[in-house]
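Please work from the sequences and hints to get the whole structure.
2 protein chains.
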Amino acid sequence: MKALEEKIAKEGQVFPGNVLKVSSFLNQQLDTAFLKEMGAEIVRLYGDSGVNKILTVEASGIAIALSAAFLMNVPVVFAKKGNSKNMTDEKYSAEVKSFTKGTVNTISVDREFLSSKDKILIVDDFLADGNALKGLLAIAKAANAEVVGAAIAIEKGFQGGGDELRKMGVRVESLAILDEMTDSTIKFRPQN
Amino acid sequence: MKALEEKIAKEGQVFPGNVLKVSSFLNQQLDTAFLKEMGAEIVRLYGDSGVNKILTVEASGIAIALSAAFLMNVPVVFAKKGNSKNMTDEKYSAEVKSFTKGTVNTISVDREFLSSKDKILIVDDFLADGNALKGLLAIAKAANAEVVGAAIAIEKGFQGGGDELRKMGVRVESLAILDEMTDSTIKFRPQN
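Those sequence lines, one after another, are chains X and S. Residue numbers are given in the working numbering: position 106 of the first sequence equals residue 106, and the series is strictly consecutive. Residue numbers are given in the working numbering: position 144 of the second sequence equals residue 144, and the series is strictly consecutive.
Hints in this document: simulated from the structure, not taken from any laboratory. Any given hint could turn out to be false.
The list treats identical chains as interchangeable, and a pair is accepted whether it falls inside one copy or across any two copies.
[Stated by the list, open to error] Mimicking DSBU-like on lysine-lysine, the simulated pairs with C-alpha atoms at most 30 Å apart in a straight line are: (1) LYS187 with LYS2; (2) LYS10 with LYS119; (3) LYS134 with LYS101; (4) LYS21 with LYS117; (5) LYS10 with LYS117; (6) LYS101 with LYS141.
What follows is the structure, given as structure tokens:
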């Protein structure tokens, strides 16, 4: 998605440890007009896949997931991190290492919100090592739900998680793939 | 908002410690059609206030904030909890006690996303003791931004946070206010 590549080149900031900050439109400030464009691109990619539910993980996945879901008229289910008083014991869980925060989280979804009747699209803001995506795939599998694929806003191609999952047969579509990222250069992978 | 009161009565579950679980449409599964309705109600309440930005806090405030923001064509800024590698030191912060999780969090917003030029609407999913709302008000004040008011999906009126803030002169509009909540009864405050 050319517009996203341009926005990353213009507004993205690279921090030590391969951290790309896109807080101006995706990770702290949410650019609603641009989120609508990204949602429309996800619809272009997956609109004919018969998806009845979008699965993501809190917090920063919610905005991009909801942007696509509004256009597809399907609900979003977001996995929660850690434990809180309003989570029942009846849930599907997976362990996920956070690349940005350097921590390991348990993510989970109440069993009532996923089932074998669901045809799921996984949506997330970032894909780096692929740990969050693997966790969401494990949760969908535990629920016997069908996963049509994943739609990611920004993939750090140089970390390999996306290509590893593609080799495993998972359809992974990323709106922008960074094959190289330094303080001064961001190189995108050509896509159709 | 009658439709929200009916939805809470039908799908809400009361848990020990005054916890209301509305995971089926707001806190884990996001009912996109209903979120659009709640967004439209927020526009009805604040559409003529000249708001140029919506402020909320991750994670469960993002969906309702974004639903209103899509209709108002303004960006959302969400405060983050705790610290992460992609947060700079230059931020506005406040301490917030979470009613649901029983923990104290620092919430913060990068300084670049709030300024004295902003006319802000605060949006959140729940208002109980009012701690999150007070934290967001403190952050807006630190940025010298104008706050036109707050729009809350569900206020637990019996916990008093909303009325306390109203007495302080803050405009607080809640789409549903619960004046009483037990395992068997939920009583709503009459509203226009």
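Q. Among all the numbered hints in the text so far, which are the ones the structure does not match?
A. Structure breaks no hint.
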